[in-house]
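Participant: Each chain, letter by letter, is given below.
Number of protein chains: 2
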Amino acid sequence: MNIPYQKMFDEFNRVLNKTGFTDERADLLARLFTDTTRDGVTSHGLNRFPGFIKQMRSGKTDIHVVPELVGNLGIIEQWDGHLGVGPLNAHFCMSRAIALAKEHGMGCAALRNTNHWMRPGSYGLQATDADCIGICWTNTTQFMPLWGSMEPKVGSNPLVIAIPREEGPVLLDMALSQFSMGRLGLYKSRGEELPVPGGYDTEGNLTCDSEFMVKGGRPLPIGYWKGAGLSLALDLIAALLSGGNSAYQIAKLGAEVSVSQVFIAFDLETILAQEDRRQMMDDVIRDLQEAESLEGQEPPRYPGEGMLNKRVESIENGIPVDQSIWEQVLDL
Amino acid sequence: MNIPYQKMFDEFNRVLNKTGFTDERADLLARLFTDTTRDGVTSHGLNRFPGFIKQMRSGKTDIHVVPELVGNLGIIEQWDGHLGVGPLNAHFCMSRAIALAKEHGMGCAALRNTNHWMRPGSYGLQATDADCIGICWTNTTQFMPLWGSMEPKVGSNPLVIAIPREEGPVLLDMALSQFSMGRLGLYKSRGEELPVPGGYDTEGNLTCDSEFMVKGGRPLPIGYWKGAGLSLALDLIAALLSGGNSAYQIAKLGAEVSVSQVFIAFDLETILAQEDRRQMMDDVIRDLQEAESLEGQEPPRYPGEGMLNKRVESIENGIPVDQSIWEQVLDL
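Line by line, the protein sequences give chains X and C.
2 is the number of the first residue of the first sequence in the working numbering; add one for each residue after it.
2 is the number of the first residue of the second sequence in the working numbering; add one for each residue after it.
I should point out that these hints are in silico values taken from the structure, not numbers from a laboratory.
Yeah, the Cβ is synthetic: ideal placement off N, Cα and C, and Gly gets one too.
Please note that a few of the clues may not be correct.
To be verified - Label-pair distances were calculated between CB atoms; the ranges are:
hint, chain 1, residue 1, chain 2, residue 2, range
1, X, 290, C, 25, 46 to 54 angstroms
2, X, 190, C, 287, 35 to 43 angstroms
3, X, 66, C, 186, 52 to 60 angstroms
Stated by the list, open to error - Calculated lysine to any residue pairs in the SDA-like style (CA-CA distance at most 20 angstroms, straight line):
hint, chain 1, residue 1, chain 2, residue 2
4, C, 253, X, 103
5, X, 103, C, 293
6, X, 19, X, 64
7, X, 253, C, 293
8, X, 103, C, 105
9, C, 103, X, 64
10, X, 253, C, 281
Claimed, not checked - Quick look at which bits of chain C chain X covers, simulated, 3 or more residues with Cβ under 8 angstroms:
hint, stretch
11, 33-46
12, 93-106
13, 264-272
Here chain X stands alone, though its shape is the one from the complex (with noise of 0.2 angstroms):
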């Protein structure tokens, strides 16, 4: 069934406003939801929300607490999270770095003690609604290993890159494993292998078995030995700028809580006159998008053309849901 974006907003802004937050979060955080489903990325909307909704009303999570500035370096800036909702807090840095960006050309909020923060692409979108290149990362608790070895040692450590362009951004918004548990549940119900190992099996032999993750095997970074090092990379830098946890540290702790995330933001406005990068982008795109595609191959595409081709049917046709998980939202 399909849902109007105004309906599922709204249902939402009740659910929110019932846990106890005040208009503006309640607001705040059912757009970030909703505009998530509406992109297509449903199991980071809607079908993240009840879960969230229940961590939320538990009790565990201050859902009051804002970020508090605990470092202020000229334009980086850095916060503590106070293990608030993760969202709203990732919400607040990448306007921290936005703010900052659109005095002096760039800017960086470093956060750190923070929660999930649902769909990563929703900040990078942030910044490209103001005109800014957005970059962002969070640490996650260590989830794969090294080449190599069977020990999860690095973190999964989603990356976005998006770049604003007036048909609509290009948004890469990846996580550093090369297939994510839904990806891998696709290949499974198509009855499929993987197209490229995905992991290690228990035996430590790379695998393209779409189930090994569930038959207990470890999951593989992009480029492998590659992305270990960028995992690596990105966690050291998001604990040492935010002074916060690496996923060591996370690991430790358990729960995947307390985690550190960078909101760095370039004010393209002030860069480059919008001509100019019409032109340049526009060129690139189009080649992008006249590259021929081989036999039994979808076209290749930009990162985000898939996203905006949703958002452009979402906004037409409602939202698509799965109709059990919109009637718990109903009933909350």
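Start from chain X and add chain C according to the hints.
Facilitator: The following block gives chain C in isolation, referenced to the frame of chain X:
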């Protein structure tokens, strides 16, 4: 054969002086090429030096031209490299990012119209020498196809992330292609298949054949579809911040010239007390090094660990060189 550091430096310096470089610029180039070779990246050090000198003596590059400041946007500076000497342009721009970071916590220099910077890691190490986190990348010509296509559309866009540490930096220095030509050659010389697919063969099938490139196949990025997005995002940012060429535009020039680069520095000195970060970094690195390796695999290493080992060996025993290439240098 092994050559002592000072001897190699003096020889490079002599050749550079003879080529017409001023003392200061010859010194810096000699140091970059010698350090690169000392750290084991011989492909971009000694082995590249004769070709570099040939290019410099061809008269096609103005070896005296310096970058020009074309945009000054708070803490982002835009420089035009005027197609000058790649490593000198890059070194200059990282020094600007570092100077801005020392003043404001963070700094960025974007460089357009420049040439190949040789070893990417050089400019990361330049940042860590100044107690800064260094992030830099270059775009390249179109080199790799998108997933499901054979037409090269995105660059290999080497990315560097360097993090200072008292015992020696963490240095991620990686092209976004899954395998370098050097690495493919290594597998070939051992008669081994690639451990994971490295690209498409001429039929468009994923292949682990170490000779797929020489046979006309196409290299794929780390993370396959994911790395293609990362490459595109880095390319667009470099072109936007510098106002220079994208991979698409470079490809139209025929040769890989007039590339765009980004240099970012974060001054750790102002961000975090030495003691706090020492403990965090030591814990993370020790934890990684304790990971048990799979049977028959080498122990997991953090990025830069292999380089530091090579560096120690080179300092103790002299820098290992290919005798015929060394003799070429003596004759230059």
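Participant: Are there three or more residues in the stretch 264-272 of chain C whose C-beta lies closer than 8 angstroms to some C-beta of chain X?
Facilitator: holds (count 5)
Participant: Holds or violated: residue 19 (chain X) and residue 64 (chain X), Cα atoms, limit 20 angstroms.
Facilitator: holds, 12 angstroms
Participant: Can you let me know if the beta-carbon spacing of residue 190 (chain X) and residue 287 (chain C) is within 35 to 43 angstroms?
Facilitator: Hint holds: Cβ distance 42 angstroms, inside 35 to 43 angstroms.
Participant: Given the hinted pair residue 253 (chain X) and residue 281 (chain C), is their alpha-carbon gap at most 20 angstroms?
Facilitator: Given pair residue 253 (chain X), residue 281 (chain C) holds - Cα atoms ~13 angstroms apart, limit 20 angstroms.
Participant: Given the hinted pair residue 103 (chain X) and residue 293 (chain C), is their alpha-carbon gap at most 20 angstroms?
Facilitator: Between residue 103 (chain X) and residue 293 (chain C) the Cα gap is close to 48 angstroms, so the pair fails against 20 angstroms, i.e. violated.
Participant: Taking only the CA atoms, is the gap from residue 253 (chain X) to residue 293 (chain C) under or equal to 20 angstroms?
Facilitator: holds, 18 angstroms
Participant: Given the hinted pair residue 253 (chain C) and residue 103 (chain X), is their Cα-Cα distance within 20 angstroms?
Facilitator: Cα-Cα ~34 angstroms, so violated.
Participant: In this structure, is the beta-carbon distance linking residue 290 (chain X) and residue 25 (chain C) contained in 46 to 54 angstroms?
Facilitator: holds, 47 angstroms
Participant: Can you confirm whether the C-alpha distance between residue 103 (chain C) and residue 64 (chain X) stays at or below 20 angstroms?
Facilitator: Not OK: residue 103 (chain C) and residue 64 (chain X) at ~37 angstroms, beyond 20 angstroms, violated.
Participant: Look at the Cβ atoms of residue 66 (chain X) and residue 186 (chain C) and judge whether their distance stays inside 52 to 60 angstroms.
Facilitator: With a Cβ separation near 56 angstroms, residue 66 (chain X) and residue 186 (chain C) satisfy 52 to 60 angstroms, so the hint holds.
Participant: Using C-beta distances, would you say chain X covers the stretch 93-106 of chain C, given that this needs three or more residues below 8 angstroms?
Facilitator: That given contact holds, which follows from 3 residues of the stretch 93-106 of chain C lying within Cβ reach (below 8 angstroms) of chain X.
Participant: Within a Cα-Cα threshold of 20 angstroms, do residue 103 (chain X) and residue 105 (chain C) meet the stated pairing?
Facilitator: Distance of about 15 angstroms is within 20 angstroms: holds.
Taken one by one, the earlier hints fail for this structure at numbers 4, 5, 9, 11, listed in ascending order.
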